[in-house]
Amino acid sequence: MSVLLYTENWEGKFKKLTFELASYASGVAEMLGTGVTAVSIGSVDDQELKKLGEYGVGKILKADNEATGQFDTGVYAKIIADAADKENAEIIIMANNNAGKAIAPRLSVRLKAGVASAVSELPVSVSPFFIKKRVFSGNAVAGTEIKTEKKIVTLSQNSFDLAEKPADIIIENFDAAAGGPSGNIEVREVERQSGKLLLTDAEIVVSGGRGMKSPDNWGPIEEFAKLLGGATACSRPVSDEGWRPHEEHTGQTGKIIAPNLYFAIGISGATQHLAGISASKVIVAINNDKDAPIFDAAQYGIVGDASKVLPKLVEALKEAKSA
Amino acid sequence: MNILVCISQVPDTTTKVKFTENNTKLDTGGIQWVINPWDELSLTRALELKDDPSSGVQKVSVAHVGPASNEATIRKALAIGADDAYRVDTDALDAYQVAAQLAELVKTGSFDIILCGIESSDYNGSNVGGMLAEFLDYTSVSGISQLEISEGKAIVNREIDGGKESLAVSLPFVGIVQKGIAKEPRIAAMRGIMMARKKPINVTAAKDIAPLTEVKEFEPPKPRPACKFVDPDNPAELIELLQNEAKVI
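First to last, the sequence lines map onto chains A and B.
Start counting the first sequence at 2; every next residue gets the next number (this note's numbering).
Start counting the second sequence at 189; every next residue gets the next number (this note's numbering).
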């Protein structure tokens with residue numbers, strides 16, 4: 002019996018999310034009285050892999066061969082299922098991100114393992130396995146029992162604190178998916194902006210809505226985000242109008258994020274918007290309508306014209322930083 | 189070429205969800221049911237493809253797992269333009285059971301492209317599409333925001349962290365759809381609503397498949413503290429609060 006963790010990599014590197022997952026997996030393993038094995042797919046050097054040991058991972062299965070070069074979810078699910086069998090894993094943990102959402106359901110069917118997705122807390126109990134998950138786009142929490150012997154849990158990003166727990170680590174080569182890539186997917190083109198802070202990774206997000214009045218007023222939003230080391234986002238009408246790219250849309254049908262600090266600037270806070278940002282630790286709202294629903298979600302608020310208040314806020318931040 | 193769009197029905201987003209029977213069941217009183225937003229966009233894209241003769245799409249069907257009382261939602265999909273519908277006659281219990289029922293249905297038909305929304309706005313699981321693909325042993329691509337058909341293959345855009353990939357995928361395949369696949373959901377016209385009444389809903393009996401998970405109880409999200417207001421003429425106070433009280437900057 003063990004806990005298996007799937008660790009995705011980004012061009013051979015891990016990121017904070019990886020260590021959140023490792024910390025979470027260690028917490029679950031402790032409840033079960035067992036250890037954590039990670040399975041890494043693709044090319045990651047041993048120095049990077051060893052970082053997982055800081056957060057309680059005791060063993061790593063390194064699957065790096067021709068089958069792993071392309072992200073084919075069926076192939077990845079098979080590799081993780083093989084690793085789960087080899088390690089006799091009872092619980093398999095991965096991120097609730099693009100890759101995790103694509104792999105977890107395939108793995109579920111392969112292992113006949115029930116899935117709890119988008120969780121942000123440790124299980125309430127492991128026997129029976131009872132865990133809380135986000136439902137109704139953040140408007141409720143469902144206490145869910147997974148009834149199968151094997152279980153899959155996907156963790157929301159930035160929802161679980163890092164917990165250092167140095168462990169000795171063994172790295173083993175894992176000869177995975179001898180069948181090779183399926184050949185059903187051909188990559189024609191890849192567009193990637195490297196070096197840009199991803200909205201889902203950002204700990205501070207500055208988001209603008211229609212209250213900014215014009216795409217020409219976005220300068221202060223970008224400047225404010227840059228000063229704070231954060232990312233920029235927007236509400237749905239703003240992306241629908243083409244003021245900002247779709248990748249920036251946060252909300253029910255856009256990105257769902259949980260930064261430490263979220264600024265809603267000129268955003269009224271419709272249910273659909275709150276669905277994407279309500280898990281943020283602290284929400285600050287600037288809006289000219291004091292009855293706007295965003296103030297019910299916000300911890301701090303300023304009632305005023307967003308396009309006028311924000312430049313003053315940028316100046317105040319600059320002063321505070323230089324003080 | 190035939191496309192099957194899997195649809196689920198969800199409470200309208202503006203519905204305030206309430207629970208009953210000691211917070212163990214969703215209170216369905218007063219709920220306005222709609223087609224899950226991502227499924228509606230998938231259907232819209234499928235119909236756009238069918239409208240373009242060069243795509244080779246001849247038929248767009250919808251599939252739903254649910255009781256007869258959900259047929260109003262299926263009729264909406266027919267009114268929007270789906271040619272026919274399939275309903276597996278059982279309550280939807282969890283993603284695994286729904287995907288397994290859909291897989292049985294797909295095996296009896298002839299579908300080249302199967303579309304599922306990336307998640308449903310009620311249980312937010314993001315599971316049915318991937319599970320269906322695994323049951324069928326089909327290729328799946330998740331998070332697609334564009335779909336074209338060219339030379340017998342699906343050409344899709346998939347979102348990856350920090351960018352996107354364009355892929356050519358052999359058929360049959362399961363496309364798991366996110367925002368962007370169609371600009372706006374197509375709305376039923378009066379003629380469509382009239383025609384929908386005559387379109388067939390094929391009802392099939394459910395297979396005996398047990399769910400793997402069970403929701404035991406619901407709770408409201410943690411309440412948030414009341415908002416502390418800052419004078420718009422004194423933004424420095426907000427910076428000070430974020431630094432020293434919330435300690436987030």
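Treat the hints as calculated values from the structure; they're not laboratory data.
Fair warning: there could be bad hints in the mix.
[Said to hold, decoys possible] On the chain B side, residues computed to face chain A include the following (Cβ under 10 Å):
id, residue
1, VAL222
2, SER314
3, ILE381
[To be verified] When the alpha-carbon atoms are kept at most 20 Å apart in a straight line, the in silico SDA-like pairs for lysine to any residue are as follows:
id, chain 1, residue 1, chain 2, residue 2
4, A, LYS16, B, THR212
5, B, LYS410, A, LYS227
6, A, LYS282, B, LYS404
7, A, LYS133, B, THR212
8, A, LYS17, B, LYS386
9, A, LYS227, A, VAL315
10, B, LYS371, A, GLU248
11, B, LYS404, A, SER121
12, B, LYS352, A, GLY70
13, A, LYS166, A, ASP297
14, A, LYS133, A, LYS148
15, B, LYS247, B, ASP419
16, B, LYS416, A, ASP297
[To be verified] Here chain B is said to cover these stretches of chain A; the calculated rule only asks that three of the stretch's residues, wherever they fall, bring their Cβ under 8 Å from a Cβ of chain B:
id, region
17, 53–66
18, 135–145
19, 252–258
20, 312–319
Values in this document were obtained by computation on a predicted structure and should not be read as measured data.
Each residue gets a CB set at the ideal place from its N, CA and C atoms; glycine is no exception.
Earlier hints that do not hold, by number: 1, 3, 4, 5, 6, 8, 13, 15 and 17
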